[in-house]
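Peer 1: Chains as they are written, first to last, in our numbering: chain P, 1 to 263; chain F, 264 to 526; chain Z, 527 to 789.
These aren't lab readings, by the way, just hints derived from the structure by calculation.
Fair warning: this is a prediction, and the values are worked out from it, not measured in the lab.
It is possible that some hints are incorrect.
For lysine to aspartate or glutamate, the following EDC-like pairs were computed, each having C-alpha atoms within a straight-line distance of at most 20 Å [what the hints assert, rightly or not]: (1) K222/P to E604/Z; (2) K748/Z to E341/F; (3) K433/F to E456/F; (4) K170/P to E193/P; (5) K696/Z to E719/Z; (6) K485/F to E78/P; (7) K460/F to E483/F; (8) K222/P to D621/Z.
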Amino acid sequence: VSDPLLTLTTDFGDASPYVAAMKGVILGVNPSVRLLDLTHQIPPQNIRYADYFLASALPCFPSETLHVVVVDPGVGSERAILYAEVADQRVLAPDNGCLSSLFVRIGPPSAVRHVREPRFWRSSVSATFHGRDIFAPVAGHLSQGTDPAILGPVVTEWVTLESPAPRSVKVGIAGQVLFVDSFGNLISNIPAEMVHKRPIRLRVGGRSLSRFRWVNSYAEAKPGQLVALISSDGRLEVAVVQGSAARRLHARVGTPLVVGFGK
Amino acid sequence: VSDPLLTLTTDFGDASPYVAAMKGVILGVNPSVRLLDLTHQIPPQNIRYADYFLASALPCFPSETLHVVVVDPGVGSERAILYAEVADQRVLAPDNGCLSSLFVRIGPPSAVRHVREPRFWRSSVSATFHGRDIFAPVAGHLSQGTDPAILGPVVTEWVTLESPAPRSVKVGIAGQVLFVDSFGNLISNIPAEMVHKRPIRLRVGGRSLSRFRWVNSYAEAKPGQLVALISSDGRLEVAVVQGSAARRLHARVGTPLVVGFGK
Amino acid sequence: VSDPLLTLTTDFGDASPYVAAMKGVILGVNPSVRLLDLTHQIPPQNIRYADYFLASALPCFPSETLHVVVVDPGVGSERAILYAEVADQRVLAPDNGCLSSLFVRIGPPSAVRHVREPRFWRSSVSATFHGRDIFAPVAGHLSQGTDPAILGPVVTEWVTLESPAPRSVKVGIAGQVLFVDSFGNLISNIPAEMVHKRPIRLRVGGRSLSRFRWVNSYAEAKPGQLVALISSDGRLEVAVVQGSAARRLHARVGTPLVVGFGK
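Based on the provided sequences and hints, a complete structural model is requested.
Peer 2: Written out as C-alpha cells, the structure is:
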C-alpha cells in the first residue's frame, strides 16, 4: 500500500513562504504523506477560478486522495471550513463556493462537515493564515486516518456559486468565457451538447468574427488562424492556433460569447 | 520509517533547466530521497528575500528535514558553503547571510561546518553552477546518512546580515517594509510586541494614510479598504482587502513605514 | 527498492488545470509512482526551448527514470507519439523534434517506438488534450512495468530539429543565442572547444560590445559588469553580473553573436 496522497491548491503564488509553511506543518503531523502541488497560481481570492480549476482537475484523481484547497478571502471571518467526500475523493476547503462545479460534475457530496474541533489545530491560530494553522494540521491528521466524524458536525447546507448559464437566443446561444488557459484559449460555458451543428457565426465581446474555422483540433488549421472547437472538457472553445485568442480578441473571463448556427 | 525528506529553495525560476538538473543529480546519488520544492522564485540573487523566506518557512518542518538553499551570487568565488544544524533541522546553503533570520528565530545553530571535501562532488565542477555540481551531490549523500563531520571543518563564524531594526521615534515607531507577499500585503519589520496599542496614524513611504482601519483579519473590512493588522508571523502588516497595498501605496521592500499611537 | 520515478515537462503553465489532470490520471493508473515536476513553463508550443531544456536536464537523472514531455503543437494531427530509451533513461514525447539535442548529447536512442496501442489510453480521447488522454495513462502503465513492445511498432525515423551550427568567420566565430535563463544570461550555441583563446571582441545582435571582461565565474567581476565566460553546460555565455544581459543587450533566443579573437 502506498503512502497517502494529499494535493494542494492555493492562491498563495510560488514566491511567498506560505505554501512552504503549510507543507512543513502537514509533514510535521504526518511525515509519510505524499504531497502533490496542483497549483498555487489561482489568481488572488478568485473563488470562481478555483471552482473551475477544481472541477476540471479533481475528477481525474484516484479514490481516497485528499485535496486541500486554500483560496480563502474570508479567512478570519465566520465562514466555515468544509470537509466533504465526493465520488471517493476527499476535500478540505473554505465554505465559499469553490467546490460548486465539482459537486455538480461528480457529486453530490456525502458526509459534509464543518471543521470545528480545535484539538487538531496548531496551538496558536493566527487570524489571517488558517492554511498553516487549521487546514494544514487537520489535513495531516486526516491523511493519517483520523475519523472525519471527530472534526465537527455534519451539515446539509453550504455556499453554492451561481454558474452563469448559457441561454438560447434568436440567432443561437449566448454564453460567456468561463476560463482562459495559459495558451490564451477561451473556454466558454456552452456545453458541446448545445452546439448541435457547426457554428456559422461567432461574436466575442460584442465583436463579430468574420473569419474563423470550425475544427476538431488546432492542428487542422494554420498557425495564427482563429478556430472554434470542442474543448478537452467538452465545451465550446475559441482559439488562435499557436497564438492567443485572449490577446487577439481582448477577451477574458466573463466576456460575452454568442454563437449563431443559421445564416 | 519514511524516506528522507529534502527541500529545495532557489532563485533559478521555474523555466530554466537548473532546478531539474539538481533534482536529477540528487536522485542519482540517493534514489529514495523525497524531494519537495519550497520555491524557485526567490528574486535573482536576492539574499535578503531568501533570508525572510527561510525564517518563515523552515521552522514549520519536522526534525531531520534537510533543506538545500541555492541563492548564490558569489558562486565561483571564495565564499564558503555551510552545513548547519539548527533546532533539529539541517541546512545546506552558501555562506552569504541567507540563514541569519532563521538562526535568530530558532537558533543558534550547532555543528556549523564548511563544506570542503571534494570527494562527494561531481567529478567535474563548473565555476557557475555549484547547485548542480556541489550542493546537489553533497545533499544526496547527507540524505543517505553520510556523517556531516566528513564534509569539512567546524567553523564558528559565518556571514550575518544586519537586519534593519525598528526604532522608537517621537510619534511612535519607525520601521520599513520587510516583505511583500503575492497578495501585495506589506509585512513590516515592526514586531507585534511593539504595537502596544492600536495605531492611530500610518505613514508609508513618506505618505500619510488618512483612512485605514485596525483589524484582526481582512474579513473585518470591506474589499478595497486599507487596513493595518498583525501578520501571521507576528509583525505589523498593512494590506488592502482583496487588493494590493503594494500597488495602492507604491510600496516595496525597504519602503519606510512609520506608525503613530498618540494623537 | 524505491517506487518508480516519473518526471513531467510541459508548456501548460502552472495556473491551468491541465497539469493537475495529468497527475491525477497517472496516479489513477499507478498510485505508487513518484511524480516530479521538471517544468511547466516551457513557452507555449516552443519545441526548440523544450529541446534545449531536455538536453540540459535529463542526462543528470538516474537510470530507469521515465520522462514524460508534453509540448505538443501538433496534438490531434497525424504526428506520432514516441517512446524511446536513451542511455538508460526512458522518454515519452510527441515526435516533433523536442528530443533532438538529447539524442545528440547522450544518444543514440534504442528501442524507439510509435505509441499506437489504444488499450492503454483513456476510454474517451479528446482531440486537444493527449497529455491527459494518451500520455498520462500510457506513462502510468509504463511506470508499472508494462512492456514497451506492446505500445506499438519499432521505428527507425523520427523528426529531428536542425540545430543552428556556429561557423568560423574571418574575425572569429559566428553563432547565436541558444537559450536565455531566468537571470537573463545568454547561453550561445558556441561550444567551449571553439573558444580556444580569450575572446577580444563580442558582437551581440549587430552591436559591438566595447567593454566586457573574460571571467571564469560571475564573482570575478563587479555587479553590473558585462562578462563573457564558459557556461555550466560548456558553451560561450554572455552575462551581466547580478543583472540581465538579455535586457541590457536587447537579446533573445536567435540573436546573432559573433566572437573575435585576433585584434
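Peer 1: Confirm or reject each hint.
Peer 2: Here is what the structure says about each hint:
1. Taking the CA atoms of K222/P and E604/Z, the gap is near 15 Å; set against the 20 Å cutoff, the hint holds.
2. For the hint pairing K748/Z with E341/F, the CA-to-CA distance comes to about 15 Å; that is within 20 Å, so the pair holds.
3. With a C-alpha separation of about 18 Å, the suggested pair K433/F and E456/F falls inside the 20 Å cut-off, and the hint holds.
4. With a C-alpha separation of about 18 Å, the suggested pairing of K170/P with E193/P holds against the 20 Å cut-off.
5. The suggested pairing of K696/Z with E719/Z holds, with an alpha-carbon distance near 18 Å, which does not exceed 20 Å.
6. Our distance criterion of 20 Å between C-alpha atoms is met by K485/F and E78/P, whose separation comes to about 15 Å.
7. At most 20 Å may separate the alpha-carbon atoms for a hinted pair to count; K460/F and E483/F meet this at roughly 18 Å.
8. Between K222/P and D621/Z the alpha-carbon distance is near 19 Å, which keeps this suggested pair within the 20 Å criterion.
Violated hints: none; the structure is consistent with every hint.
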